[in-house]
Amino acid sequence: MLTIKNLHAEVDGKQILKGINLEIKKGEMHAIMGPNGSGKSSLSSVLAGRENYTVTQGEVIFEGKNLLDMSPEDRAREGLFLAFQYPVEIPGVSNLHFLKTALNEIRAYHSLPAMESKEFLKLTKEKQQLVDFNANLMNRSLNEGFSGGEKKRNEVFQLAMLDPKLAILDETDSGLDIDALRIVAAGVNKLRSADKAFMVITHYQRLLEYIVPDFVHVLYNGQIVKTGTKELALELEEKGYDWLKEEVHQKESV
Amino acid sequence: MTSDKSFYEFISNGVPGPEQKVDADNAILPARKLAFGRFKELGLPTVKTEEWRYTNIQRYLKDAFTLAQEEQGTVTAEQLKAAGIPQLDSYRAVLVNGRLQADLSTLPTGGKITVSKVSDAAGNPQLQAWFDKHPHLQSQPFAALNAALFADGLFIEAGVNASLDKPLHIIHVYTASANAFIQPRHLIVLHKSATLEVIESAVGINDNAIAFVNGVTEVVLEENAELWHYNIQSTVKNSRHIYHTSTTQKADSRYHHFNFTLPSAELTRNNLSVALTGSNTETNLHGLYLATGTQHVDNHTFVDHLVPNCNSNELYKGVLLDDANGVFTGKIHVHQDAQKTNAFQQNNNLLMSEKANINSQPQLEIYADDVKCSHGFTVGRFSEESLFYLRSRGIGEEAAKSLLVNAFAFDITDQVHIPALQDFLAEKIRQYVAGAINN
Ligand SMILES: Nc1ncnc2c1ncn2[C@@H]1O[C@H](COP(=O)(O)OP(=O)(O)OP(=O)(O)O)[C@@H](O)[C@H]1O
Ligand SMILES: [Mg+2]
Numbered sequence: 001m002l003t004i005k006n007l008h009a010e011v012d013g014k015q016i017l018k019g020i021n022l023e024i025k026k027g028e029m030h031a032i033m034g035p036n037g038s039g040k041s042s043l044s045s046v047l048a049g050r051e052n053y054t055v056t057q058g059e060v061i062f063e064g065k066n067l068l069d070m071s072p073e074d075r076a077r078e079g080l081f082l083a084f085q086y087p088v089e090i091p092g093v094s095n096l097h098f099l100k101t102a103l104n105e106i107r108a109y110h111s112l113p114a115m116e117s118k119e120f121l122k123l124t125k126e127k128q129q130l131v132d133f134n135a136n137l138m139n140r141s142l143n144e145g146f147s148g149g150e151k152k153r154n155e156v157f158q159l160a161m162l163d164p165k166l167a168i169l170d171e172t173d174s175g176l177d178i179d180a181l182r183i184v185a186a187g188v189n190k191l192r193s194a195d196k197a198f199m200v201i202t203h204y205q206r207l208l209e210y211i212v213p214d215f216v217h218v219l220y221n222g223q224i225v226k227t228g229t230k231e232l233a234l235e236l237e238e239k240g241y242d243w244l245k246e247e248v249h250q251k252e253s254v
Numbered sequence: 001m002t003s004d005k006s007f008y009e010f011i012s013n014g015v016p017g018p019e020q021k022v023d024a025d026n027a028i029l030p031a032r033k034l035a036f037g038r039f040k041e042l043g044l045p046t047v048k049t050e051e052w053r054y055t056n057i058q059r060y061l062k063d064a065f066t067l068a069q070e071e072q073g074t075v076t077a078e079q080l081k082a083a084g085i086p087q088l089d090s091y092r093a094v095l096v097n098g099r100l101q102a103d104l105s106t107l108p109t110g111g112k113i114t115v116s117k118v119s120d121a122a123g124n125p126q127l128q129a130w131f132d133k134h135p136h137l138q139s140q141p142f143a144a145l146n147a148a149l150f151a152d153g154l155f156i157e158a159g160v161n162a163s164l165d166k167p168l169h170i171i172h173v174y175t176a177s178a179n180a181f182i183q184p185r186h187l188i189v190l191h192k193s194a195t196l197e198v199i200e201s202a203v204g205i206n207d208n209a210i211a212f213v214n215g216v217t218e219v220v221l222e223e224n225a226e227l228w229h230y231n232i233q234s235t236v237k238n239s240r241h242i243y244h245t246s247t248t249q250k251a252d253s254r255y256h257h258f259n260f261t262l263p264s265a266e267l268t269r270n271n272l273s274v275a276l277t278g279s280n281t282e283t284n285l286h287g288l289y290l291a292t293g294t295q296h297v298d299n300h301t302f303v304d305h306l307v308p309n310c311n312s313n314e315l316y317k318g319v320l321l322d323d324a325n326g327v328f329t330g331k332i333h334v335h336q337d338a339q340k341t342n343a344f345q346q347n348n349n350l351l352m353s354e355k356a357n358i359n360s361q362p363q364l365e366i367y368a369d370d371v372k373c374s375h376g377f378t379v380g381r382f383s384e385e386s387l388f389y390l391r392s393r394g395i396g397e398e399a400a401k402s403l404l405v406n407a408f409a410f411d412i413t414d415q416v417h418i419p420a421l422q423d424f425l426a427e428k429i430r431q432y433v434a435g436a437i438n439n
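Chain order of the listed sequences is A and B. Residues 1 to 254 in the numbering used here are what the first sequence spells out, letter by letter. Residues 1 to 439 in the numbering used here are what the second sequence spells out, letter by letter.
I should point out that these hints are in silico values taken from the structure, not numbers from a laboratory. Predicted model only: the values in this text are computed from it and were never measured. We treat Cβ as the ideally placed atom computed from N, Cα and C, and that holds for glycine. Some hints could be false.
When the alpha-carbon atoms are kept at most 20 Å apart in a straight line, the in silico EDC-like pairs for lysine to aspartate or glutamate are as follows [said to hold, decoys possible]:
no.: 1; chain 1: A; residue 1: Lys-26; chain 2: A; residue 2: Asp-12
no.: 2; chain 1: A; residue 1: Lys-18; chain 2: A; residue 2: Glu-28
no.: 3; chain 1: B; residue 1: Lys-112; chain 2: B; residue 2: Asp-63
no.: 4; chain 1: A; residue 1: Lys-100; chain 2: B; residue 2: Glu-398
no.: 5; chain 1: A; residue 1: Lys-26; chain 2: A; residue 2: Glu-63
no.: 6; chain 1: A; residue 1: Lys-100; chain 2: B; residue 2: Glu-282
no.: 7; chain 1: A; residue 1: Lys-100; chain 2: B; residue 2: Asp-423
no.: 8; chain 1: A; residue 1: Lys-226; chain 2: A; residue 2: Asp-242
no.: 9; chain 1: B; residue 1: Lys-250; chain 2: B; residue 2: Glu-282
no.: 10; chain 1: A; residue 1: Lys-190; chain 2: A; residue 2: Glu-126
no.: 11; chain 1: A; residue 1: Lys-100; chain 2: B; residue 2: Glu-397
no.: 12; chain 1: A; residue 1: Lys-18; chain 2: A; residue 2: Glu-59
Output of the computed footprint for chain B on chain A, the stretches with three or more beta carbons under 8 Å from beta carbons of chain B [unchecked claim]:
no.: 13; stretch: 43-51
no.: 14; stretch: 69-79
no.: 15; stretch: 89-95
no.: 16; stretch: 104-114
Chain A extracted, bound-state conformation (with noise of 0.2 Å):
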């Protein structure tokens, strides 16, 4: 579904991504772990098409098709999805309107008819409950004075209601109570399917406790130095990111 091949990407100058390989069959769920500032929103926003990053080296494969030459909508409209790390708050644009918005341009890119309004309503009321999305926050102002974790769940609501192939989820996690976490989590589950794809970036194993991951890779300084499965999580939850750390200054001093 999606092949990175020794992607690099510069912000502002800075080289950010160092030759990033990764392949992503359909099914399949990745987690991406590694310290802070190590470049893993970079990661995903570069997938996105987020403009103020430069590719400056290699390619990405999305479904046979280049996804680099994509303008962000483009990338969205063939299936991906990215859940922010830091969702925006738009004043004045309607949560619902917003979604509507978004699946019928989806859905024209596909030259489906827009979708009409009780459908569209029905829709909503299932993905609603099926993450269990406060259903007042849907005639808000689009995650205007939502609190940190009604931000999250509104992300995972978009995304079940966009159905995309695959989505990136960017420590949607972070700032989630326990129950939200199992809520949120249990949901992204009932999402999974054979021809669907996840990369989750996270901190926390707990998080792989619920959605179990097929992979786990580490990324560090730009690079995904450790591939492995949920066992490595556990053991990076026990011995923290410094033994490797260690195994790459070793690598590049050899």
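Assemble the complex: chain A is given as a structure, and chain B with the ligands must be docked to it using the hints.
Just chain B with the ligands now, with coordinates in the frame of chain A:
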């Protein structure tokens, strides 16, 4: 009456007085003459005139214009439609070059609310009492010029307790085949406890000629009267507008005014002023200006708190693109007697290009001590972060920008209580954004 070269020169020096007008109406002629004298005394403003510092009016008057609009011109249904608001259920007063066309209009019947030509109503005691009497107009040269030589316009009078089942839509059509200086003039009088909704919009028919519109509307709200007053300024590219709206509010009256300045007149200068002469009034002034290209939009507002216990609330918002230029001057004068005044003013701007510019200045003159007054001014750029968020959900750049501009304008458009007008504005915003992106 035509100026060969600079119209500015012509009206400064050569323009003949009102007695020369072919249709100089006897009953109104004395008022016209008075105004003409005042105009001569005041003279036209220059950039040195404080109130015109940011609007170089000479620049917009340097072309040649015809002052007389004796020609009637013909208007087709198509052209009328272009000036209309889709789905709007309203009474209609259609004015061609400032003159009411009864055959194109659907006016209210029943007699409690009358809509007539100012020229036909010249002898009416209300018109005689109020015409060109608003105190704030006395120092305004363009308002004086209008009073002296105006073409015609509407006299709208609503009797005690009168109201209409739907809004009255005044549609201006400008047909000039050569550059024309057109001066419409209205007087709206609402007697005690009358209510009315008035929408005014305009369309120009000839793209090759410049229409310079110098309009004046005076409004009188007697006790407990309420007026919703929507002014929609969107016409052809090469039109230029100076508009004075001056309102007098008596006790317990409510005035809701909206100035929607949409693309793409070259010049729009609004002088909106309200004199509060009775207590317990409510005044809401809303403005939304969307400017592109080299448009120049100048809003001067003035709320004059003369008596105690009045509330005024003003919110003007602007979105500026390209090389567009905005000016906002909001004056609030709270007189010594006007205790317990609440006066609020806010001007927010969104600059969507590096070269767009806004000059905003509040002018608060407060001479009473027990008052609540505030003012604020903001200028912001488009949030790239918000834009990216929307686009990352599959919303195209144009739709995303349109959502954001709509969101910015929401405080204003939300106050519009006519759904068809709300839809019309949303569509105008969409077109504005689309135009900006396809440029
Ligand atoms: N606009 C920018 N200019 C300069 N440096 C930037 C910019 N944006 C991000 N960076 C830097 O890029 C590096 C990677 O940041 P990124 O947000 O991708 O880290 P992260 O792995 O997501 O961290 P966290 O776990 O804290 O979320 C950081 O050192 C950050 O300071
Ligand atoms: Mg991050």
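Evaluated hints:
no.: 1; hint: Lys-26/A x Asp-12/A; verdict: 34 Å, violated
no.: 2; hint: Lys-18/A x Glu-28/A; verdict: 24 Å, violated
no.: 3; hint: Lys-112/B x Asp-63/B; verdict: 44 Å, violated
no.: 4; hint: Lys-100/A x Glu-398/B; verdict: 16 Å, holds
no.: 5; hint: Lys-26/A x Glu-63/A; verdict: 10 Å, holds
no.: 6; hint: Lys-100/A x Glu-282/B; verdict: 38 Å, violated
no.: 7; hint: Lys-100/A x Asp-423/B; verdict: 18 Å, holds
no.: 8; hint: Lys-226/A x Asp-242/A; verdict: 13 Å, holds
no.: 9; hint: Lys-250/B x Glu-282/B; verdict: 10 Å, holds
no.: 10; hint: Lys-190/A x Glu-126/A; verdict: 12 Å, holds
no.: 11; hint: Lys-100/A x Glu-397/B; verdict: 16 Å, holds
no.: 12; hint: Lys-18/A x Glu-59/A; verdict: 13 Å, holds
no.: 13; hint: 43-51; verdict: holds (count 4)
no.: 14; hint: 69-79; verdict: holds (count 6)
no.: 15; hint: 89-95; verdict: holds (count 4)
no.: 16; hint: 104-114; verdict: holds (count 3)
Of the numbered hints given earlier, the model fails hints 1, 2, 3, 6; all others are met.
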